[in-house]
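Asks: Residues per chain, in single letters:
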Amino acid sequence: MNEEIILKVENLQTKFRVGKRIVHAVNDVSFELKKGTMLGIVGESGCGKSVTAHSIMKLLPKNGSITGGKVKYYDNNGKAHILNEYDRNSKELRTIRGKEISMIFQDPLASLDPVYTIGSQISENLREHENISKKEAFDRVVSMLFELGFSNPEERYYDYPHNFSGGMKQRVMIAIAMICNPNILIADEPTTALDVTIQAQILTLMSKMQKTHGTSTILITHNMGIVAETCDEVAVIYMGRIVEFGNLEQIFNTPMHPYTKALLKSVPVLSSGGEKRLEYIPGATPDGSEVIKGCAFADRCKHTMEICRTKQPVESIVDGSHRVLCWLYDKGGKNA
Amino acid sequence: MFKYYITRFAMLIPKLMVISIIVFIGIQMIPGDPVTRTISPEVYAHLSPVQLNELRQELGLNDSMVVQYLRWLSGLLRGDFGYSLVTGGKISGIIASRLPATFELAFVSLIFATILGLLFGFISAIKKNTIIDYTNTVLGMIGISVPPFFFGLLAILLFSIYLRWFPTGGRMGYGHVTFFARLKYLVLPAFILGISLIATLMKFTRGSMLDVLSKEYIKVARSKGLSEIKVNLKHGFRNALIPIMVVLVMRIPMLVGGTVIIETVFNYPGMGSLMVSSISGSDMPVVMIGTFIMTSSVLLASFFVDVFAAIIDPRIRFGTDAGGGNGK
Ligand SMILES: Nc1ncnc2c1ncn2[C@@H]1O[C@H](COP(=O)(O)OP(=O)(O)O)[C@@H](O)[C@H]1O
Ligand SMILES: [Mg+2]
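Here the protein sequences come in this chain order: A and B. Per this note's numbering, the very first residue in the first sequence carries number 1; after that it's consecutive. Per this note's numbering, the very first residue in the second sequence carries number 1; after that it's consecutive.
In case anyone wonders, no lab produced these hints; they're calculated from the structure. Fair warning: there could be bad hints in the mix.
[What the hints assert, rightly or not] Far from chain A, by Cβ distances over 10 Å, these chain B residues were calculated:
(1) M17
(2) I19
(3) V35
(4) V50
(5) L59
(6) F107
(7) I115
(8) G170
(9) P243
(10) M245
(11) S282
(12) S296
(13) S297
(14) I312
(15) F318
[As the list claims (entries may be wrong)] Taking lysine-lysine and the BS3-like style, the derived pairs with C-alpha atoms no more than 30 Å apart in a straight line are:
(16) B:K230 <-> A:K135
(17) B:K234 <-> A:K91
(18) B:K219 <-> A:K79
(19) B:K219 <-> A:K134
(20) A:K72 <-> A:K8
(21) A:K91 <-> B:K128
(22) A:K20 <-> B:K215
(23) A:K91 <-> B:K215
(24) B:K234 <-> A:K62
(25) A:K135 <-> A:K211
(26) B:K127 <-> A:K62
(27) A:K70 <-> A:K34
(28) B:K230 <-> A:K79
(29) A:K99 <-> B:K219
(30) A:K34 <-> A:K8
(31) A:K34 <-> A:K208
(32) B:K127 <-> A:K91
(33) B:K219 <-> A:K72
Cβ coordinates follow ideal geometry from the N, Cα and C atoms, glycine included.
Produce the entire structure from the sequences given, and follow the hints as far as they go.
Replies: Pasting the structure below:
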C-alpha cells in the first residue's frame, strides 16, 4: 500500500455563530488520508462529520468559520496547499474545487439543479476546469455515464433531474464528482438517503470507481457496516473530535475507545435490510453550544473515572497508526 | 412542449367568453334607447318613431338576448364596438387612438419595473443584511405603501416644473411620431406607474433568491469551483425567477389598473384617462368596451408570462411527474 499522504488535517476547529450563541461543531479533528486509499469517518449524526467535510473544501455557510488548525493538501507536483488559508471564493481554491478535490453530498434528491439537463450539469464541471470543446466534453460525459451504468447515456444526457430516481441522481452526482478525475473524493453519507437495495449498488459502484481511478477517498458514514466493506482506514468521531483512528483490522479487531465499541455493537447488516438499533448508549449527545471541561463522552460511558469529567483526554498511541483519545489508555499517567 | 402552449392558449377562450358576457349584460343595463348605441346620433335625430321601430326590427333589437349577444360578439370580433353616447363617434375609432398609448405606457413600465425590481432584489439577496440591503428594504416599503398619484405629483413638481427635465404631461409634441421622440413624455409616467411593481418584485426576488441560495444544489455548484457570479446567476437567479413569474402574472392587472390614475395625473391620452372621462361623462358603452379591452389585454399578457415561465422551468414544460423517462 502506498504510504504517501495526500491530505492532512491537523487540529481542525470549526465554529458557527447562531444569533449570540457559538456552536462548536468541530473541536479537534486530525487525520491523514493516504494516496489511493479509502478513509472512513464514522460517528452518530450531529457529531461534526459534514462540517469537517465542508471545512476541508471551505464550503461552510456564511455563519461558520474555521477558527483553528490546518488543512494541507499535496497536489500532483508535491506542492502543499494550506486550504484553510485560502479565501473562501479565491481563485486558488476554485481551481482545486471540483478538479482536484470533489465532493458528493448527503442528499442526492436536492443536489441537482432542476432547470438544467443532467448532462450539462456534469459537463459544467469539466468545462470549468479543462479547456475542451463542447463535443469532447459531451463524449467524456457520455462515457462517464456509461461507466456508471446508464444504458443509453446519449439520451440520458438530455434528461432533466425530475425524470430520475434517487439512485440515478446519486450516480449523476458521482459523475459530476468524478468527471475531472479528481485526486480526492469526499463522499458525505452518499447512501443515507437511498433505499437499502440501492445503497449496496451505489457503494459497489463507488468502490469500483475508487479502484479503477485510484482516487483517494474519504467516506463519511454513521454505519460501521459500510466502513467494514469499503474502507482501508477508519476515524471515529465524537462531538467534533476524532476519538480513535486506525486501520480496518485495528478498529474492528481491537477497538479501544468505549464509543467505538458501542458503535461496533450496532453494525447494521447491509444485505439483510434495516438497521439494528445502536446499542443503548445512556445519556444524550451533548449540545455543541456548551464547552465541556472533560471528555464529551463521560456522561454516557461505562468506564467513567474522575479525571474524565475534569480534563480533556490526551491522545495515546496504541500501536503504529492506531491512536485513541481516552483516559483509560493514558500510559504516561498524568500528562495532561 | 408545444401542447402546453396550445392548452394555455385555449384556456384563454372561456375566460374571454365570461368577460364578454358580463360586458354585454352591462351594456344591456345602460338606460336609454339601445338604438342610439348602434347608429350615429345625428342619424338618430332625423328618424321618425316608425322608422326607428323598423330600424329596431332590422337591427335585431327585438330578438332574444342570446341571438343579440352572439351578433354583438361577432361584431366585436370584427372590430365593431358601437358608438359613444357623448361624442357620437365610433368606439373603435376612439379606442384605436387611445390603446397604443396605453400599451406603450404599460409595456415600457412593465419592462422597466421588472428589470429594476429583479436587479434590486438580486443585489439585496446577495448583499443580505448589509447597508445596501437595508436601504433597498426601506425604499421598497415606501414604494409599496405611498399611493402612486402622490409620487406622480411629486415627480411633476420636481422633474417637470422645478428641474424642467421632462414635460408635465401629454404624449407627444408636433411631429413626434417615433417612439424615441415620445420617450421623454413616457419616462415619468412609466416610472411612477412601475414603482409599486418594482418594490413588490424586489421583495419577492430577495426572498426567492435567499430561498434558492440555501438549496443543496447551490453548494454543489460551488463545489465544482464555479465563480460566485456564475453560482448566483446561472444556478441561483435562474431558479429564483420561477416563483417570481407567478407574482408578475398576478401584478399585471394592477399595473394596467394603475394606468387609470397615472394617465389622469400626467394628462396622458390613453385608455386609463379615457375610462375616467367616460365614467364622469356617463358614456357607458365606452366604459364597457374599455373594460373589455383592458381585461383582455391583461389575460393576454398573463399568457405570455406563462409561456416565459415554461421556457425557464423544464418541470412546467414536460409536466411535473417525477420518475419515468418521458424525456421529450
Ligand atoms: N449552518 C450551521 N449553523 C449552526 N450550526 C450548525 C450548522 N451546520 C451544522 N451545525 C452544527 O454542527 C454540528 C455538527 O453537524 P454536522 O457536521 O452536520 O453533523 P453530522 O455528523 O451529522 O454530519 C451539529 O451540532 C449542528 O447543529
Ligand atoms: Mg451530515
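Asks: Indicate, hint by hint, whether the structure satisfies it.
Replies: Hints, verified against the model:
1. M17: holds (35 Å)
2. I19: Fine: 34 Å to the nearest Cβ keeps B:I19 off the interface.
3. V35: The claim holds: B:V35 sits with its nearest Cβ about 58 Å from chain A, beyond 10 Å.
4. V50: It holds; B:V50 is separated from chain A by about 70 Å at its closest Cβ, greater than 10 Å.
5. L59: holds (56 Å)
6. F107: At roughly 27 Å from the nearest Cβ of chain A, B:F107 sits farther out than 10 Å, so the non-interface label holds.
7. I115: Holds, because the least Cβ-Cβ distance between B:I115 and chain A comes to about 21 Å, which exceeds 10 Å.
8. G170: holds (45 Å)
9. P243: Holds, since 12 Å exceeds 10 Å.
10. M245: holds (13 Å)
11. S282: holds (52 Å)
12. S296: holds (32 Å)
13. S297: B:S297 is indeed farther than 10 Å from all Cβ atoms of chain A, at 29 Å.
14. I312: It is violated; B:I312 is separated from chain A by about 7 Å at its closest Cβ, not greater than 10 Å.
15. F318: Non-interface label fails for B:F318: nearest chain A Cβ at 7 Å, not farther than 10 Å.
16. B:K230 <-> A:K135: This hinted pair holds, its Cα atoms lying about 22 Å apart.
17. B:K234 <-> A:K91: With a Cα-Cα distance of about 19 Å, the restraint between B:K234 and A:K91 holds, given a limit of 30 Å.
18. B:K219 <-> A:K79: Within the cut-off at roughly 27 Å; holds.
19. B:K219 <-> A:K134: holds (24 Å)
20. A:K72 <-> A:K8: holds (5 Å)
21. A:K91 <-> B:K128: holds (23 Å)
22. A:K20 <-> B:K215: holds (24 Å)
23. A:K91 <-> B:K215: Roughly 23 Å between the alpha carbons, so the hint for A:K91 and B:K215 holds.
24. B:K234 <-> A:K62: Status holds; Cα separation ~20 Å.
25. A:K135 <-> A:K211: It holds: about 28 Å lies between the C-alpha atoms, which stays within 30 Å.
26. B:K127 <-> A:K62: holds (12 Å)
27. A:K70 <-> A:K34: The hint holds at about 17 Å.
28. B:K230 <-> A:K79: Holds, at about 29 Å.
29. A:K99 <-> B:K219: Roughly 15 Å separates the two Cα atoms, so the pair holds.
30. A:K34 <-> A:K8: Holds, at roughly 9 Å.
31. A:K34 <-> A:K208: Holds - the C-alpha atoms of A:K208 and A:K34 are around 18 Å apart, at most 30 Å.
32. B:K127 <-> A:K91: holds (21 Å)
33. B:K219 <-> A:K72: holds (22 Å)
Going down the numbered hints, you'll see the structure goes against 14, 15, while the others check out.
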